[in-house]
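With chain D fixed as given, assemble chain V onto it according to the hints.
Heads up: the protein sequence lines correspond to chains D and V, in order.
The opening residue of the first sequence carries number 1 in our numbering; numbering runs sequentially from there.
The opening residue of the second sequence carries number 302 in our numbering; numbering runs sequentially from there.
To be clear, the hints were calculated from the coordinates, so they are not data collected in a lab.
Only a predicted model underlies this, so the values are computations on that prediction, with no experimental measurement involved.
A hint or two may mislead.
To be verified - Quick list of simulated restraints, FRET-style, between CB atoms:
{"#": "1", "chain 1": "V", "residue 1": "T381", "chain 2": "D", "residue 2": "F301", "range": "25 to 35 angstroms"}
{"#": "2", "chain 1": "D", "residue 1": "T118", "chain 2": "V", "residue 2": "N524", "range": "50 to 60 angstroms"}
{"#": "3", "chain 1": "D", "residue 1": "T118", "chain 2": "V", "residue 2": "N412", "range": "38 to 48 angstroms"}
Said to hold, decoys possible - Looking from chain D toward chain V, a few residues come up when the C-beta cut is under 8 angstroms (computed):
{"#": "4", "residue": "I48"}
{"#": "5", "residue": "S74"}
{"#": "6", "residue": "N260"}
{"#": "7", "residue": "T263"}
{"#": "8", "residue": "T298"}
{"#": "9", "residue": "E300"}
C-beta atoms are modelled at their ideal positions from N, C-alpha and C, and glycine is treated no differently.
2 protein chains.
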Amino acid sequence: MKLSILGCYSATPRTLNNTTSQVLEINNHMFLIDCGEGTQVQLRKHKIKFNRIKHVFISHLHGDHFFGLVGLISTFRLLTREADLHVYGPKGIKEVVTLQMKLADSWTNYNLIFHELTSKTSELIFEDEKVEVHTIPLNHRVYTNGFLFKEKEGLRKLNITAVQEANINVAYYRKLSQGFDIENEDGIIIKNETVTKPGPKPKSYAFCSDTMYKEDIIPIIQNTNVLYHESTFLEQHAHLAVKTKHATAKEAATIARKANVETLILGHYSTRYGNIETFKEEASEVFDNVELAEDGKTFEF
Amino acid sequence: MKLSILGCYSATPRTLNNTTSQVLEINNHMFLIDCGEGTQVQLRKHKIKFNRIKHVFISHLHGDHFFGLVGLISTFRLLTREADLHVYGPKGIKEVVTLQMKLADSWTNYNLIFHELTSKTSELIFEDEKVEVHTIPLNHRVYTNGFLFKEKEGLRKLNITAVQEANINVAYYRKLSQGFDIENEDGIIIKNETVTKPGPKPKSYAFCSDTMYKEDIIPIIQNTNVLYHESTFLEQHAHLAVKTKHATAKEAATIARKANVETLILGHYSTRYGNIETFKEEASEVFDNVELAEDGKTFEF
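With the rest of the complex left out, here is chain D (with noise of 0.2 angstroms):
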């Protein structure tokens, strides 16, 4: 799992510092989150490959994290892509590069499928065989999701040995793979464990941004391998932070240590502060493991 910051200050994109988006890759999936103005250019100074994409996914529909959408889009068209490309965002979403397509007088020469959101409550917006991706339900100004990346249980490592020993026919490795419990050439049932071991453990990544301290969230996120957090203020700020839907670097750890989470990522930074070290060390008196997200950064887990 790999996840590559292209931008994660607030607000406005400025000569250093870009509004969010990020590109997780887990399981040879690219899945790009939010897109702030100028991510087409953060993606290839990045040199991650556009046709790679093919799932984007929209927290809420404040600029500093969608109005790079309709020009990546539009660049994908110029680019010929044939590929699908499947975005998932708030209610409007369609209706707003729908516009801007119209008034161009072009549309897209690939499937362009938007999935529209509107549940107040987690659902599950995408999967396929190995990957799960559900919705945060977050409290902001605006309808705003996180999104959970899961990867599913993966299939057990066979002990060779113990199943040649155990004398079970070939035709049922697969099934062994899978968890089942097996009759063997002798007709003795097999327990599944006793020939097999967990396979890698799955990952998974949250990222919730934008959102106040919502402690609702923390069911959803559970013991989650990376927490990414907004974290726009600290605590010095926290009435701002009640007062525009957003959090501090010390509630993001809250978050964190409650969800049991392994890894903290703060982001979404205020450009009033001149160091982000300072949300480290705010978060880092909650919480053990933080990392801090920097524009161009690259995290694997």
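Same frame as chain D, now just chain V:
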């Protein structure tokens, strides 16, 4: 008159190439012309004060000329702008900006005034004491206007020695500078041109992008000081220019020559060409004074 090129490449923003946007400084105005994605960051890089921009002119609603507009408007709001902002552009521009504001549940705290353009003939769209702006109807795949920025004829300069010798009352000096003939203290009519000289020659700038070769624009831009004319292609791809309704460097130069402009600036290059010097070489065969727009370049006239 100062022209700052924020971006001058066609189609899509890239790591090193920005799409169309420029700032024309003329008679204390800062006119923003077109606003491709990333323009607000380019403005920051150029250290152009956001508050000095009060008028934005959008040629057409293709993304590479206007996808940065909503972000700019939104950033102006976040920075608590108070000054009015006038936006001139094709019909539809108001709806698309308004829809995005509505979806973000926000609106500007300053006056945002749209001037939607639909005329197929040149019209005066802005005028104050010193400057006029006219549209230049172009021929592109969608409704498109270029813009002609013209200083008005300035006040004439008084030859003080001659004025005093002519025995003209000081009360008439203003009339003299406005070009009127004046009756002197002895009741004799003094011809204006015998005691004044013309003021500084008014400057003019014509922006023509995007368009295919269109001779109809020549009377509108005749004798302009500086013409920016798109040259997406070289003559070797003239067939593509026709197909996509763009111009070649040679065609831009032909317009410049026929319109008798002083300086031609080329831009809106397709990124298929490695070296933009070839555009200048091609145009220089037809017209002498050719300049190349480049991102970050400033011209003073």
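Earlier hints that do not hold, by number: 1, 3, 4, 6, 7, 8 and 9
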